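J.: Protein sequence lines correspond, in order, to chains A and B.
The opening position of the first sequence corresponds to residue 869 in the working numbering, with each subsequent residue numbered one higher.
The opening position of the second sequence corresponds to residue 869 in the working numbering, with each subsequent residue numbered one higher.
Keep in mind the hints are simulated off the structure, nothing from the lab.
Some hints here could point you the wrong way.
For chains that are exact copies, the list does not tell them apart, and a pair is met inside one copy or across any two.
Within a straight-line C-alpha distance of at most 20 Å, the following computed DMTMM-like cross-link-like pairs (lysine to aspartate or glutamate) qualify [what the hints assert, rightly or not]:
| hint | residue 1 | residue 2 |
| --- | --- | --- |
| 1 | Lys1204 | Asp1021 |
| 2 | Lys884 | Asp912 |
| 3 | Lys984 | Glu1176 |
| 4 | Lys964 | Glu1176 |
| 5 | Lys984 | Glu901 |
| 6 | Lys884 | Asp954 |
| 7 | Lys984 | Asp999 |
| 8 | Lys991 | Glu901 |
| 9 | Lys984 | Asp934 |
| 10 | Lys936 | Asp954 |
Quick caveat: nothing in here was measured; it's all calculated off a predicted structure.
Number of protein chains: 2
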Amino acid sequence: LDALQAEVTKAMEGAKSLQDSASSFISRNSSEEQSLRLRAQSLDSTIRRLRSQIYSLHHHDNKAVDPKLCEKLEEDLHRATCVLTDGDAGSFLPPKAHGGFLRMFLGPINVRSSSKDIQLKVKEEYNAYRDRTALLFLLFPFALLILRSWIWDGCLPTFPVQAYQAWLLFLYTGLSLRENILRVNGSDIRPWWIYHHYCAMFMAMVSLTWDIQGQPNCAQKQRGVELFLQWAMMQGVAMLLQNRYQRQRLYTRIALGKANRMDVVWGETAGVDGQLWLLCPILFIMQGFEAYVGLQLLKTALFGDVTEWQVSLCGVLLILMAIGNFVNTVQTLMVKSRF
Amino acid sequence: LDALQAEVTKAMEGAKSLQDSASSFISRNSSEEQSLRLRAQSLDSTIRRLRSQIYSLHHHDNKAVDPKLCEKLEEDLHRATCVLTDGDAGSFLPPKAHGGFLRMFLGPINVRSSSKDIQLKVKEEYNAYRDRTALLFLLFPFALLILRSWIWDGCLPTFPVQAYQAWLLFLYTGLSLRENILRVNGSDIRPWWIYHHYCAMFMAMVSLTWDIQGQPNCAQKQRGVELFLQWAMMQGVAMLLQNRYQRQRLYTRIALGKANRMDVVWGETAGVDGQLWLLCPILFIMQGFEAYVGLQLLKTALFGDVTEWQVSLCGVLLILMAIGNFVNTVQTLMVKSRF
Ligand SMILES: CC(C)(COP(=O)(O)OP(=O)(O)OC[C@H]1O[C@@H](n2cnc3c(N)ncnc32)[C@H](O)[C@@H]1OP(=O)(O)O)[C@@H](O)C(=O)NCCC(=O)NCCS
Ligand SMILES: CC(C)(COP(=O)(O)OP(=O)(O)OC[C@H]1O[C@@H](n2cnc3c(N)ncnc32)[C@H](O)[C@@H]1OP(=O)(O)O)[C@@H](O)C(=O)NCCC(=O)NCCS
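Based on the sequences and whatever the hints tell you, model everything.
T.: Below, the structure written as structure tokens:
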């Protein structure tokens, strides 16, 4: 027992000394971090100032300045920005604001990771998650449509469709949260792709309350649902292709040892970017079909005998999402081809 | 222009040197962190081992050992555990597993904060969030019930009720996420309170699909909804009281300068814990009413003319939640009175 007593005392002392080291480590760190943060911030604002000065010199048709030199300076500044934001120093820049969505669901917790490794892991996991869901995206509506003609005599029962909508709701909530987190961790994802998932969440919620049975002419009433399911299957295929492209893009970057955006020039990832020209026609077709489904829903709601508000709202949402997707895909392509 | 060129070069150099300091800071830190982590882990396992040794000595009716001494050693060990887990050292213990819920919605991002200040802030924000929602919890069903008798002639329209259920769904999702985050950050919240919110999420989802109109006898069909709304109002009141109690408990701890659980003994927070004996009867009444509403729903589903599966499922869920809440409240009280 004496030996035990000694051990307990030792454990107690160990705990105290560990506590001391831990708190001195933390306080030492926080002051050093603070100074790094200040340096990063002042450098960031210097670069901003220089950029606007050079820009105004360059574009004011001032004959006295050499445009070549201006371009060179702009390039240098771009390089400095890349060093600052893409490397380890990036974690000391003021974080991007969290946005209301994350704050609503998570509160003021910090989801930014300062280590690049973890940031990459989060991104890979996001891609893997999208892959898993893309398969379900394909199979779930497929099963519903098959069962409909084989077993359910052309008239979908309410429950499986609602289960599908509930699944969509959770899926889109998860995607929105993850994309917001990626954004906080420095991803350049366009805000629209996140808004698009908010819209999709809202639509899934609305269609949960939509009673698809209860009228004599079931096939006619469910025409909208059928179109929606077909479109969802197409979306599954498009998601798989898009994932393949985006995963390869990430891996090419990592393989080149160039996690820095600056180092990846158009030529080097040409193999991957070539895929983009294959992917885009498919995306445009999808977006066209999305708008078509939306119009179809609106038509039945306005001129047919379906009077539920859910139908017209879903129609409007689908059309808005199609337009937004199209505009943003075109803008992405334009930015890329400018390189 | 020459001056600008010099400035650009300086900015470039600044970026590079900042990058160097940042990466050396990060790599230095990570090795030091690693060693703190190892020390914390080995101390943790030592304490565990000692505790089980003392426990077996104490409880094997070994006449040779002095029970007083055993108790003293146990108390010392408890103190050592508190120093280890409640102080700064706690951030270097292996984190509690994230749980499937967080992983599903957020992916592998780390939501643990190593600074005690931020952990407290997160908890305060959680309490503030609950306060805001408790008010809505009170007002939303109240408005529905008032409008029902004033304007809607005793028959609730579908849309406002569905909007209410949708709001509940998001609210409970947010609460579940936040509570999971608190848990990862070291809160002792019982797992049941989190499961309870999963149940509530599921119930909100189910009742979204529940068509509350469409039959001739509306008042009878909506009896269940009416009870549910009344119960929700009571819950709003209980939440407000519960928040008041929990916020004061937190503030007492902070004010005493004793964020460590070990230092807070029964007597010191007696003013707050006294409230508990006032709160609990209210909670028990609520839980009884919750079970009553569940039974009522089941009754209409089994013996009435309402055939929707949603009704019986909600009934079962309510009864389960009432039982679980009751059991866990009693267990909490038992643990507290043992001090
Ligand atoms: C057009 C498209 C293929 C371009 O992808 P890209 O080449 O990765 O685009 P960018 O280079 O602008 O990407 C910038 C960032 O945004 C991310 N991103 C781009 N589009 C995204 C999307 N739709 N969803 C999520 N993230 C996206 C990229 O992964 C990249 O992240 P990173 O900075 O962390 O590396 C892609 O935006 C896309 O698939 N859009 C169409 C979506 C659509 O219309 N779907 C139909 C309905 S679902
Ligand atoms: C009984 C009760 C008041 C005890 O609260 P308490 O004194 O804080 O209980 P404990 O000391 O066990 O709390 C341990 C931790 O769990 C948290 N916690 C306890 N009950 C909680 C609950 N219902 N929801 C969220 N967190 C809770 C506490 O904040 C504390 O967190 P901390 O470790 O970070 O400080 C509380 O559990 C309660 O209100 N339960 C009843 C809930 C209920 O039945 N509601 C009816 C339907 S909503």
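J.: Decide, hint by hint, whether the structure agrees.
T.: Tested hints:
Taking the shortest Cα distances, Lys1204 and Asp1021 never come within 20 Å of each other, neither inside one copy (49 Å) nor across copies (60 Å). Taking the shortest alpha-carbon separations for Lys884 and Asp912, only the inter-copy value of 13 Å comes in at or below 20 Å, while the best intra-copy value is 41 Å. For a Cα distance limit of 20 Å, the shortest separation of Lys984 from Glu1176 qualifies neither inside one copy, at 49 Å, nor across copies, at 52 Å. Taking the shortest Cα distances, Lys964 and Glu1176 never come within 20 Å of each other, neither inside one copy (41 Å) nor across copies (48 Å).
Proximity of Lys984 to Glu901 under the C-alpha cut-off of 20 Å is found in both arrangements, the shortest distances being 17 Å within a copy and 17 Å between copies. In this homomeric assembly, Lys884 and Asp954 come within 20 Å of each other (Cα to Cα) only across copies, at 12 Å, whereas the closest approach inside a single copy is 39 Å. Taking the shortest Cα distances, Lys984 and Asp999 never come within 20 Å of each other, neither inside one copy (23 Å) nor across copies (38 Å). For a Cα distance limit of 20 Å, the shortest separation of Lys991 from Glu901 qualifies neither inside one copy, at 25 Å, nor across copies, at 25 Å.
For the identical chains of this complex, Lys984 and Asp934 are neighbours neither inside a copy (39 Å) nor across copies (55 Å), given an alpha-carbon limit of 20 Å. With identical chains, the CA atoms of Lys936 and Asp954 are never at most 20 Å apart, being 27 Å at best within one copy and 61 Å at best between copies.
Hints 1, 3, 4, 7, 8, 9, 10 from the earlier list are contradicted by this structure; the remaining hints agree with it.
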